[in-house]
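J.: Throw the hints in and build the complete structure from the sequences for me.
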Amino acid sequence: MRERAWLKRLTRETLSKRFVAGGGIADRVQGQFRTDATAWGILALQSAEEEESVLEKHRGRLATEQDKDGCVSVSHHHLEPFWPTALAILAWQAWPSNHDALSRAVRFLLNTTAIQYPRTPDSPFGHDTFLKGWPWVAGTHAWIEPTALAVMALKATGDAEHERVREAVRMILDRQLPPGGWNYGNTVVFGRSLHPAPDSTGAALTALAGVVSEEKVEKSLAYLQGEVDRLVTPISLGWALLGLSAWDSWPENGLTLVESCLAHQSRYGDYDTSSLGLLFVGAFSGEGKKNGPFFRRSSPKSVIAA
Amino acid sequence: MTNPATQNTEWSITRRDVLLAMSAGLVLGVGSLVVPKRYFRMPQKAQAFVAKIQNYQLDIADVIVRGMREIGVSTDELKGKRILLKPNLVETASGAPHINTHPLVVRGAIEAFLQLGSAKVMVAEGPGHRRDTLAVYEESGLADVLTEDRIPFHDLNYITGYDLANTGRQTSMRTLTFPALFKEVDWIVSVAKMKTHHWTGATLSMKNLFGVMPGIYYGWPKNALHQAGIVNSILDINATLKPHFAIVDGIVGMEGDGPIMGDPKRVGVLVMGRNLPAVDATCCRIMGIDPYKVSYLERADNWLGPLSEGAIEQHGETIASMRNNFNLIETIPAHQNLRLA
Chain U
1 MRERAWLKRL
11 TRETLSKRFV
21 AGGGIADRVQ
31 GQFRTDATAW
41 GILALQSAEE
51 EESVLEKHRG
61 RLATEQDKDG
71 CVSVSHHHLE
81 PFWPTALAIL
91 AWQAWPSNHD
101 ALSRAVRFLL
111 NTTAIQYPRT
121 PDSPFGHDTF
131 LKGWPWVAGT
141 HAWIEPTALA
151 VMALKATGDA
161 EHERVREAVR
171 MILDRQLPPG
181 GWNYGNTVVF
191 GRSLHPAPDS
201 TGAALTALAG
211 VVSEEKVEKS
221 LAYLQGEVDR
231 LVTPISLGWA
241 LLGLSAWDSW
251 PENGLTLVES
261 CLAHQSRYGD
271 YDTSSLGLLF
281 VGAFSGEGKK
291 NGPFFRRSSP
301 KSVIAA
Chain H
1 MTNPATQNTE
11 WSITRRDVLL
21 AMSAGLVLGV
31 GSLVVPKRYF
41 RMPQKAQAFV
51 AKIQNYQLDI
61 ADVIVRGMRE
71 IGVSTDELKG
81 KRILLKPNLV
91 ETASGAPHIN
101 THPLVVRGAI
111 EAFLQLGSAK
121 VMVAEGPGHR
131 RDTLAVYEES
141 GLADVLTEDR
151 IPFHDLNYIT
161 GYDLANTGRQ
171 TSMRTLTFPA
181 LFKEVDWIVS
191 VAKMKTHHWT
201 GATLSMKNLF
211 GVMPGIYYGW
221 PKNALHQAGI
231 VNSILDINAT
241 LKPHFAIVDG
251 IVGMEGDGPI
261 MGDPKRVGVL
271 VMGRNLPAVD
281 ATCCRIMGID
291 PYKVSYLERA
301 DNWLGPLSEG
311 AIEQHGETIA
321 SMRNNFNLIE
331 TIPAHQNLRL
341 A
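Here the protein sequences come in this chain order: U and H.
Just so you know, the first sequence maps onto residues 1 to 306 in the working numbering.
Just so you know, the second sequence maps onto residues 1 to 341 in the working numbering.
These aren't lab readings, by the way, just hints derived from the structure by calculation.
By construction, the Cβ of each residue, glycine as well, lies at the ideal position given by its N, Cα and C atoms.
Mixed in with the good hints, there may be bad ones.
[What the hints assert, rightly or not] Partial pick of chain U residues on the chain H-facing surface, computed with a CB cut under 7 angstroms:
hint	residue
1	GLN32
2	HIS78
3	VAL137
4	THR140
5	TYR268
[Stated by the list, open to error] Derived lysine-lysine pairs resembling DSBU-like cross-links, with alpha carbons at most 35 angstroms apart:
hint	chain 1	residue 1	chain 2	residue 2
6	H	LYS79	H	LYS45
7	U	LYS17	H	LYS120
8	H	LYS242	H	LYS120
9	H	LYS120	H	LYS45
10	U	LYS68	H	LYS183
11	H	LYS183	H	LYS79
12	H	LYS79	H	LYS120
13	H	LYS81	U	LYS17
14	H	LYS81	H	LYS45
15	H	LYS183	H	LYS81
16	U	LYS219	U	LYS8
17	H	LYS45	U	LYS17
18	H	LYS183	U	LYS57
19	H	LYS52	H	LYS79
20	H	LYS120	H	LYS52
T.: Encoded structure:
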């Protein structure tokens, strides 16, 4: 309980220094408003049980950034990198006052795919390049983290049974590295198996929780459990904690790792808001309270059917 | 942020060039395109310094200072300047430090620029494979070095960007988004690793600049640039950014299936210069690779810089004395027929 109070206070205090006048959250202290920073900030503040009026203001600002077709991009000047859309859905999904923004974002995701390539016998790639997932940037191939984020978002909005989600789950499983774990999304290239990374593995495991059996990811879980104690940076640790928590394997020393990671800012400088938000979300995921947006496994009704 | 080396490109026309141009005209006159296009461009001149240095424990800063002086980089030129060093940090793997620029080469470059009067040196990178830049920074050993030296490190993947018109115009991208941090520096230095590459043949100082493009705009593994064409993107980034200097770490390089899965290759060399294509062409020759067979270099020839051995004034060791053929994999298309005769 003491730790929870400490974490809540720290999350609120740290992120409040990055609030932008009029709503939204900057990429760093005295930085500029950014959609991804705002979405991660909202998710962290929501975990810290921030007042609804504060969250409402940031969600509203995020909604003003939404394009007509429903996507939320990195900035108005850069519409192609639409990967923050899934984060915006996660940030909005507990926000009944703007059902429209949420449903348009969901429709955008369901109607958008990455570039696929038919598999050929001489392909240098080990993965199935024809399975649909989501890219970071419009007009590019599907990769692990944007696909995992989209799956988490669509699970949270009650679309876990949608064909796009089912295919994305197959795509994520197909990109699992033979010895376990995931990286950005290439498995074997020119016959060589590539290296896994804790951040990609944590994201994939979070997305797959509740939709595949543990047997299918046990090597990846073992990989991440073996890595987590040495992680000192927010993106890797944040995703690792989320991924382990999603499979009821949150490490006993989780909060100690978080404290150590926060202390490393004396070495690396202040973390950017997205990384920090992810770390806080990962830290709160150890509470055993699986009702956060990342862990929602089903919903009575799809948000777009409502 | 302009590059004086590019602005004052040294042009010269030799009798040989005139004869070649005449013969090219004759060949064109009979309707054939058999003469390489490099003969239709005005030849450029550049300098490169090749240093023999057997291991990372030697005085790398001293070698870099000597090299920079030999090719005419003066203290007057660097006095008060803000320098951004861009190493090659890709990812880390146990037992594979040769994936990344060695931290002691980065330290050597920092010390060299400070010794030559620079006001400030910073290090920045935006890895293409790992979204967690700080993890690569830590695990590569660079964090230990920069923390000890009190040198700032910037994660280029998450920095809000600014757009520049794409002056290279090789891809269909009208603008390129660079990190806003670049507005605050005077020199951009590519501190690359000498490696083979399974998509481009070789990755050296020009290809290293893929890492300046922020992941938040280009994704991981910077796939928007792959879709636009790797070769064309390398050319556009270099043409638009106009980097000022290059240092290539070939003390231990990577051969075979680079840039990640290859084997260490001990060459014991550092190559540096103001002109990146010239530096990379010199590296290729040391690696036993024909630079004219590396597509992006061939396209850069006499546009972004010269490739011809005769056009690159060589300082330090000779290429012949340092040549150490890198293993190429014939089943990888980008490696086929690269070997220098």
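J.: For each hint, tell me whether it holds in the structure or not.
T.: A quick look at each hint next to the structure:
no.: 1; hint: GLN32; verdict: holds (5 angstroms)
no.: 2; hint: HIS78; verdict: holds (6 angstroms)
no.: 3; hint: VAL137; verdict: holds (5 angstroms)
no.: 4; hint: THR140; verdict: holds (4 angstroms)
no.: 5; hint: TYR268; verdict: holds (5 angstroms)
no.: 6; hint: H:LYS79 to H:LYS45; verdict: holds (25 angstroms)
no.: 7; hint: U:LYS17 to H:LYS120; verdict: holds (28 angstroms)
no.: 8; hint: H:LYS242 to H:LYS120; verdict: holds (20 angstroms)
no.: 9; hint: H:LYS120 to H:LYS45; verdict: holds (30 angstroms)
no.: 10; hint: U:LYS68 to H:LYS183; verdict: holds (33 angstroms)
no.: 11; hint: H:LYS183 to H:LYS79; verdict: holds (18 angstroms)
no.: 12; hint: H:LYS79 to H:LYS120; verdict: holds (10 angstroms)
no.: 13; hint: H:LYS81 to U:LYS17; verdict: holds (33 angstroms)
no.: 14; hint: H:LYS81 to H:LYS45; verdict: holds (25 angstroms)
no.: 15; hint: H:LYS183 to H:LYS81; verdict: holds (13 angstroms)
no.: 16; hint: U:LYS219 to U:LYS8; verdict: holds (33 angstroms)
no.: 17; hint: H:LYS45 to U:LYS17; verdict: violated (52 angstroms)
no.: 18; hint: H:LYS183 to U:LYS57; verdict: holds (33 angstroms)
no.: 19; hint: H:LYS52 to H:LYS79; verdict: holds (28 angstroms)
no.: 20; hint: H:LYS120 to H:LYS52; verdict: holds (28 angstroms)
Hint 17 from the list above is the single one not met by this structure.
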